[in-house]
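Peer 1: Residues per chain are reported as follows:
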Amino acid sequence: MLKSITIGQFIPGDSLLHRLDARAKFIALLLVIIAVFVVRSFWGYLLLAVFISALLYTAKLPLHYFLRGLRPVYYIMLFTLIIHLFFTKGGAVLLSLGAVTIEANGVYLGIFMVLRIIFLIVSTSLLTLTTSPIALTDALEDLMKPLGKIGVPAHEIAMMMTIALRFIPTLMEEAEKIMKAQMARGADFETGNVFRRAKSLVPLLVPLFVSSFRRADDLAVAMEARCYRGGQGRTRMRQLKITMLDIFAVGISAALIPLMLLLT
Amino acid sequence: MKRNTKHVVTLAMLAAVSVLLMYLVRFPIFPAAPFLEYDMADVPILIGTFLLGPISGLILTVVVSIIQAMTVSASSGWIGAVMHICATGGFVIAAGLIYGKFRTRKGAAAALITGSLIMTLLMIPLNLIFTVRFLGAPREVVVAMLVPTIIPFNLIKGFANSIITFAVYKSVARVLRMQAAEKKTQDTSPSYPG
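From first to last, the protein sequence lines are chains A and B. Just so we're aligned: 174 in the numbering used here is position 130 of the first sequence, and the numbers increase by one with no gaps anywhere. Just so we're aligned: 97 in the numbering used here is position 96 of the second sequence, and the numbers increase by one with no gaps anywhere.
The set of hints was computed from the structure by calculation and includes no laboratory data. You may find that some hints are simply not true.
Claimed, not checked - Derived CB-CB ranges, DEER-like:
(1) B/A145 to A/R278: 29 to 35 Å
(2) A/P213 to B/F28: 19 to 25 Å
(3) B/A110 to A/T206: 34 to 40 Å
(4) B/F28 to A/R112: 52 to 58 Å
(5) A/K224 to B/T105: 14 to 20 Å
Said to hold, decoys possible - Below are the DSS-like pairs computed for lysine-lysine, each with C-alpha atoms no more than 25 Å apart in a straight line:
(6) A/K285 to A/K104
(7) B/K107 to B/K7
(8) B/K107 to A/K243
(9) A/K133 to A/K193
(10) B/K107 to B/K171
(11) B/K7 to A/K189
(12) A/K224 to B/K171
(13) A/K221 to B/K171
(14) B/K184 to B/K171
(15) B/K7 to A/K243
(16) A/K243 to A/K224
(17) A/K193 to B/K184
Please read all numbers here as calculations on a predicted model, not as lab measurements. A virtual CB, placed ideally from N, CA and C, is assigned to each residue, including glycine.
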């Protein structure tokens with residue numbers, strides 16, 4: 045049951061998008077998200093759809109990975125569509141069944157909102173599918189550096205993310221072992237209401253916490269033995285480098301926002 | 002915040018446990034709103050807050066939310082991460098400050114109850130802003146959902162996690178104290194982390 049879980053969604057590859065600097069991709073994603081929110085017309089949506097499709101093509105990844113990312117929001121999309129169909133009024137009446145009517149504005153807004161959710165998720169997937177979590181973490185550390193001036197511990201946060209990502213599979217194994225051990229003693233994790241199910245997890249959680257603290261202890265000793273002393277003056281094996289391609293990518297994404305505002 | 006290696010690593014492990022629990026335990030509470038899923042990600046964050054203070058708890062919340070946005074729930078993505086940081090952040094700061102003042106069982110209970118209530122209250126404007134503005138649900142519908150689903154959901158989630166934290170923290174703190182006492186008496190050679 046636990047074996048099927050993969051941490052992160054990164055799929056290695058050698059496409060243009062894979063080779064972009066993670067920082068550039070991150071900034072570009074933020075710009076695209078802003079563009080998705082300021083879009084106000086059909087033509088804007090069309091342009092965004094073309095832009096995102098072009099990126100999908102450049103990523104050279106099977107399309108079903110992106111569709112899988114949409115599965116969890118299936119309910120939200122359906123819900124949004126139905127709510128708009130029945131509750132947004134205005135425009136020509138397309139269908140009327142007694143008191144219930146479906147009007148043009150409802151259909152229009154419903155489709156727009158669903159498209160917005162699809163754009164948001166596909167563009168986020170484009171980042172997470174083509175960038176390894178470690179590269180993303182490094183990028184975040186670099187982008188958060190200015191926040192260090194107001195006391196945000198950028199290096200520490202990035203270090204915690206790296207360690208956490210590294211240890212999730214290890215702790216997952218540990219959790220599986222503890223679960224089996226407790227089930228052999230008659231523990232039941234699957235039945236009952238929320239509170240009962242939550243409480244049944246206590247015998248799993250206590251050993252899990254204790255073991256994770258022990259691992260933290262060991263790791264801290266190992267790091268200090270190798271002279272780790274925070275981010276100051278730390279050098280890197282892989283240096284992040286900005287190329288013309290990265291500037292180009294950010295530039296194109298930035299250009300989307302004024303375009304969206306112009307296309308009314 | 003005291004920034005030594007052990008502190009950073011301990012928070013990292015708690016973050017890992019938090020993401021892990023999100024994989025393990027996730028189920029909707031109300032059949033009518035299947036996208037409101039209960040998860041236990043807040044339990045390790047609260048344990049970290051009780052052990053290391055509200056600022057550490059807040060950092061832990063940020064770390065967990067970002068990892069969550071990159072991996073498990075890429076669906077709600079960055080919007081979910083911002084909402085999680087605000088709501089759990091409020092929970093953690095309130096609980097951390099209260100427990101920092103009253104380090105007793107009663108203090109812990111009061112901290113968790115206040116924290117749950119604050120999280121539920123914070124979720125009201127957060128849902129009105131983010132779900133309406135960014136996920137495109139019409140305002141009237143979100144307002145109509147507040148009382149029957151959103152408020153009870155957050156209350157149940159907050160209290161369920163509080164109960165677990167309360168139960169787990171007692172045992173975990175005892176084990177940690179025992180280990181600390183053991184360390185003082187004997188010099189253990191550290192084993193290599195696996």
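Peer 1: Each hint should be assessed against the structure and marked as holding or not.
Peer 2: Tested hints:
1. B/A145 to A/R278: 29 to 35 Å: With Cβ atoms ~52 Å apart, the hint is violated.
2. A/P213 to B/F28: 19 to 25 Å: holds, 23 Å
3. B/A110 to A/T206: 34 to 40 Å: holds, 36 Å
4. B/F28 to A/R112: 52 to 58 Å: violated, 20 Å
5. A/K224 to B/T105: 14 to 20 Å: 36 Å Cβ-Cβ, so the 14 to 20 Å window is violated.
6. A/K285 to A/K104: Answer holds: A/K285 to A/K104 is near 23 Å, not above 25 Å.
7. B/K107 to B/K7: Given pair B/K107, B/K7 is violated - Cα atoms ~29 Å apart, limit 25 Å.
8. B/K107 to A/K243: Distance ~20 Å between B/K107 and A/K243 Cα, so the pair holds.
9. A/K133 to A/K193: Violated, at roughly 50 Å.
10. B/K107 to B/K171: holds, 12 Å
11. B/K7 to A/K189: holds, 22 Å
12. A/K224 to B/K171: Holds: A/K224 and B/K171 sit about 24 Å apart, inside 25 Å.
13. A/K221 to B/K171: Measuring from Cα to Cα gives roughly 23 Å; hence the hint holds.
14. B/K184 to B/K171: holds, 20 Å
15. B/K7 to A/K243: Cα-Cα ~30 Å, so violated.
16. A/K243 to A/K224: holds, 17 Å
17. A/K193 to B/K184: violated, 37 Å
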